[in-house]
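Taking the working numbering, the leading residue of the sequence shown gets 1, the next gets one more, and so forth.
It is worth saying that the hints were derived from the structure and are not from the lab.
Glycine residues also receive a C-beta, built at the ideal position from the N, C-alpha and C atoms.
Mixed in with the good hints, there may be bad ones.
Derived BS3-like pairs: lysine-lysine, alpha-carbon spacing no greater than 25 Å straight-line [claimed, not checked]: (1) K39 x K120; (2) K78 x K120; (3) K7 x K78.
Per label pair, the in silico range of CB-to-CB distance [claimed, not checked]: (4) I11 x W76: 17 to 25 Å; (5) Y3 x Q97: 41 to 49 Å; (6) A5 x N36: 17 to 25 Å.
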Amino acid sequence: MSYQAYKVIHILGVLFVFAALGALMLASREGVERGNGRKLAGITHGIALLLVLVAGFGTAARLGLPNPGAWPMWLWIKLAIWLVLGGIIVLIRRAPQLGTLLWWLLPLLGGIAVWAAIFKPV
Numbered sequence: 001m002s003y004q005a006y007k008v009i010h011i012l013g014v015l016f017v018f019a020a021l022g023a024l025m026l027a028s029r030e031g032v033e034r035g036n037g038r039k040l041a042g043i044t045h046g047i048a049l050l051l052v053l054v055a056g057f058g059t060a061a062r063l064g065l066p067n068p069g070a071w072p073m074w075l076w077i078k079l080a081i082w083l084v085l086g087g088i089i090v091l092i093r094r095a096p097q098l099g100t101l102l103w104w105l106l107p108l109l110g111g112i113a114v115w116a117a118i119f120k121p122v
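With these hints in hand, go ahead and build the complete structure from the sequences.
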């Protein structure tokens with residue numbers, strides 16, 4: 001697959017991750033414990049994270065990045081953010097009072113990932 005195709009899939013996955021997180025935060029804020037909307041958002045979150053991971057590593061492979069021992073800092077930053085975005089659903093469900101804070105902080109975290117991808121700090 002081409003570099004551009006991996007990049008499109010990666011960005012599409014990121015869009016779905018944030019859409020799912022937004023839906024989960026709103027459901028948590030409204031006290032929705034169960035339901036089709038929460039289930040759909042959870043499934044979307046998981047599939048989107050997988051897309052982001054696979055397409056991200058596909059993109060990295062197309063860039064010719066070396067083995068994990070020699071990865072640049074920007075790739076580690078993006079991987080750490082991916083882990084946070086994957087685990088944050090536990091906090092969203094268990095601490096709905098943090099919904100407003102997370103509503104503003106998670107896009108900023110996404111912005112850090114974008115910064116790392118564009119500026120590629122060593």
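Against the structure, the hints:
{"no.": "1", "hint": "K39 x K120", "in the structure": "36 Å, violated"}
{"no.": "2", "hint": "K78 x K120", "in the structure": "10 Å, holds"}
{"no.": "3", "hint": "K7 x K78", "in the structure": "14 Å, holds"}
{"no.": "4", "hint": "I11 x W76: 17 to 25 Å", "in the structure": "20 Å, holds"}
{"no.": "5", "hint": "Y3 x Q97: 41 to 49 Å", "in the structure": "43 Å, holds"}
{"no.": "6", "hint": "A5 x N36: 17 to 25 Å", "in the structure": "32 Å, violated"}
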